[in-house]
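Protein chains in written order, with my numbering: chain A, 407 to 516; chain B, 21 to 133.
Keep in mind the hints are simulated off the structure, nothing from the lab. Incorrect hints may appear among the rest.
[As the list claims (entries may be wrong)] The calculated lysine-lysine pairs, modelled on DSS-like cross-linking and capped at a C-alpha distance of 30 angstroms, are: (1) K459/A / K91/B; (2) K503/A / K98/B; (3) K460/A / K515/A; (4) K31/B / K460/A; (5) K459/A / K503/A.
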Amino acid sequence: KNEVEQSPQNLTAQEGEFITINCSYSVGISALHWLQQHPGGGIVSLFMLSSGKKKHGRLIATINIQEKHSSLHITASHPRDSAVYICAVSGRAAGNKLTFGGGTRVLVKP
Amino acid sequence: EAEVAQSPRYKITEKSQAVAFWCDPISGHATLYWYRQILGQGPELLVQFQDESVVDDSQLPKDRFSAERLKGVDSTLKIQPAELGDSAMYLCASSSQGGTEAFFGQGTRLTVV
Chain A
407 KNEVEQSPQN LTAQEGEFIT INCSYSVGIS ALHWLQQHPG GGIVSLFMLS SGKKKHGRLI
467 ATINIQEKHS SLHITASHPR DSAVYICAVS GRAAGNKLTF GGGTRVLVKP
Chain B
21 EAEVAQSPRY KITEKSQAVA FWCDPISGHA TLYWYRQILG QGPELLVQFQ DESVVDDSQL
81 PKDRFSAERL KGVDSTLKIQ PAELGDSAMY LCASSSQGGT EAFFGQGTRL TVV
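Here chain A stands alone, though its shape is the one from the complex (with noise of 0.2 angstroms):
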């Protein structure tokens, strides 16, 4: 069982729909941070929880502790939110490196 499992694998909304992508962790963290990759780009650090909520934009991100559980929200998706969502998480026992979920591929249609 990996360390990081996130749900979706892949996910095809309309423009204007509501997103919610899930992620599970199963060790403990200093940190959960979402990230976004575009096809063939680098990737970009959405959000970093250590607890709570945090939004940015349409971006919602939660967190729960208790439950190892976090989520990615994008109210109001639009074309240009297609990409990968990668959830990990870092803990200082590790060093701070990360370990990455495998990924939730958007695609959202106009």
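Once you've looked at the hints, dock chain B against the given chain A.
Frame of chain A, contents of chain B only:
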């Protein structure tokens, strides 16, 4: 805005040849990571540096891969000889000492033919 620089962006090489990638982290970042991302999968750590010292290289295939960060600033990852299975995106990231947020470069996409 400070960013992690990587070069080249793309590299095509024949199997059994040597190939090298370069990474320049954000100025002042003590920790540097090299990750490999096979198409359709999440990245996996190859090597982590703290300044010029290797902290974790447990997943680095040491028979063909080597990494160095001689002055604790920029870093080079080398593969010799390259194999077809090495085709992947190689990502470099850096973070400040004690920091948990990592900043990623654009990556080098390697194709071995």
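So, going through the hints one by one against the coordinates:
1. For the given pair, K459/A sits about 39 angstroms from K91/B by alpha-carbon distance, which is inconsistent with the 30 angstroms threshold.
2. With a C-alpha separation of about 21 angstroms, the suggested pairing of K503/A with K98/B holds against the 30 angstroms cut-off.
3. At most 30 angstroms may separate the alpha-carbon atoms for a hinted pair to count; K460/A and K515/A meet this at roughly 26 angstroms.
4. A distance of roughly 38 angstroms separates the Cα atoms of K31/B and K460/A; the hinted pair therefore is violated under the 30 angstroms criterion.
5. The suggested pairing of K459/A with K503/A holds, with an alpha-carbon distance near 23 angstroms, which does not exceed 30 angstroms.
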